[in-house]
Amino acid sequence: MKLLKLFITLNLSISLGIITPLSANAAPKVVEQVAAVVNNNVILESDVNDMLKTIKASTDSQNLPNDKILRQQIIDRLVIENLILQKAAKAKITVSDDEVTNAIDKIASENDMTIDQLRSKLSTMGISYSSYRERIHNDMLIDETRMHEVRPRIKISEKEVENLAKNITRQPANNIDVKISHILISIPEKASKQQIDNAVNKAQDIINRAQKGENFAKLATSYSNDDLALKGGSMGWHKLNELPTLFEERLVRAAKGSIIGPIRSGVGLHIIKVDDTRSEAPKTITLQEVNARHILIKTNVLVNDKIAQQKLADIRKSITNGTITFEAAAKANSEDTGTAEKGGNLGWNRPEIYDNGFRDGLSQLKKGEISQPIKSSYGWHLIQLIDTRQIDGTNAMKKDQAYRLIFNRKFSEEAQVWVQEIKGDAYIKITGEDKHE
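Residue 1 is where the sequence shown starts when you use full-length UniProt numbering, and the numbers rise one by one after that.
Honestly, the hints are just simulated from the structure, not real lab data.
It cannot be assumed that every hint is accurate.
As the list claims (entries may be wrong) - Think about it this way: if two alpha-carbon atoms lie no more than 20 Å apart in a straight line, the pair counts; the simulated DMTMM-like pairs of lysine to aspartate or glutamate are:
#, residue 1, residue 2
1, 92, 105
2, 331, 314
3, 423, 116
4, 68, 177
5, 239, 162
6, 56, 177
7, 179, 112
8, 179, 214
9, 306, 335
10, 399, 144
11, 87, 144
12, 410, 214
13, 121, 144
Unchecked claim - Simulated restraints on C-beta separations:
#, residue 1, residue 2, range
14, 391, 244, 33 to 41 Å
15, 342, 117, 55 to 63 Å
16, 422, 369, 35 to 43 Å
17, 356, 188, 41 to 49 Å
18, 177, 157, 24 to 32 Å
19, 158, 244, 51 to 59 Å
20, 392, 332, 13 to 21 Å
Ideal placement from N, C-alpha and C gives every residue a C-beta, glycine not left out.
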């Protein structure tokens with residue numbers, strides 16, 4: 001789907017028109033209408049129509065508002081995407097053709113389709129495969145850019161992780177998952193009292209309508225100001241801890257079907273519907289640790305890969321025929337200064353901490369076995385697997401879980417703020433509107 005076209009050099013006054021005469025006797029030439037101007041870019045009516053067609057083909061009509069409201073939501077969505085893609089170009093962030101192909105292969109596989117079947121399905125929906133590829137490419141580029149821009153803004157302390165890990169262990173409520181939908185009524189950063197009052201009244205009206213049984217997905221598509229609006233506001237399943245703190249506090253005891261809000265945050269007012277809940281019993285997690293030792297030979301201008309490999313092959317031969325022990329060979333030859341004096345001993349560790357090449361070589365070894373020369377990003381190694389063991393990894397996994405939950409929570413909050421910031425810094429003109437946003 002064509003998300004945007006760069007018409008920086010195009011005369012805007014011409015592009016906004018419907019026809020351009022070529023000469024006094026020539027037939028008029030149709031020029032595409034512009035739906036919105038975003039800095040030096042434009043969003044065409046065909047972009048809006050393409051997305052409108054796709055949404056209608058893939059969404060239950062009962063969850064959609066009328067075309068006028070849906071078009072406005074689509075334009076808002078395309079404006080944000082356009083701004084993010086401009087950020088991507090400025091930061092020189094790219095997504096390769098191979099990455100797009102792999103993503104589409106995965107989508108097809110997850111839907112039990114071949115690529116040909118996916119093409120056929122798209123065709124029945126009136127979507128060309130090339131447009132679909134462009135849509136996937138842009139989605140991936142937007143995700144990469146959002147991560148690139150927002151991630152540096154997130155700070156997580158070890159104390160935060162430890163505290164949440166302890167809470168996860170202590171509180172059964174933290175094993176609750178909630179499936180929720182969400183509506184955001186945005187409030188400008190320096191909003192007047194009248195703007196705030198209007199947002200509160202709008203949010204309360206939506207809540208009243210939802211509580212009376214009006215379709216929440218349709219309300220979200222009609223009124224929500226976040227990028228989930230065109231998905232009916234659906235946020236899917238989340239751990240309570242993963243959600244913004246303001247949400248978590250209100251959802252701990254919420255029952256299925258509850259409408260919660262309005263909840264005020266730095267970006268506006270939030271309305272949440274609890275679509276479903278589920279819980280799971282605490283699990284004991286077992287992890288594998290390995291005890292290994294190694295000899296490292298680094299490459300440089302004098303020692304290339306072939307020389308390093310041969311040197312390690314000779315050392316291995318000396319060890320296996322009993323001429324020297326592994327420990328003595330490591331002390332005499334290893335260039336890993338941190339372990340050489342320990343006979344190359346790396347101690348007990350989870351395999352995940354090692355470089356990919358080293359880890360892959362280690363995973364092939366049996367207890368006591370010495371590898372052939374193995375290359376990693378650090379150089380060439382001989383590796384001996386001394387032993388393996390299973391340990392209770394519940395606490396370690398709880399910390400990993402806590403970190404992910406905190407990161408996801410903060411990322412969600414910061415991403416909303418970031419979008420408001422880039423909109424505030426941009427020139428945005430919706431065709432036919434008199435105001436600049």
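**Q.** Hints that the structure is at odds with (numbers, increasing)
**A.** 1, 3, 4, 6, 7, 10, 12, 13, 16, 19, 20
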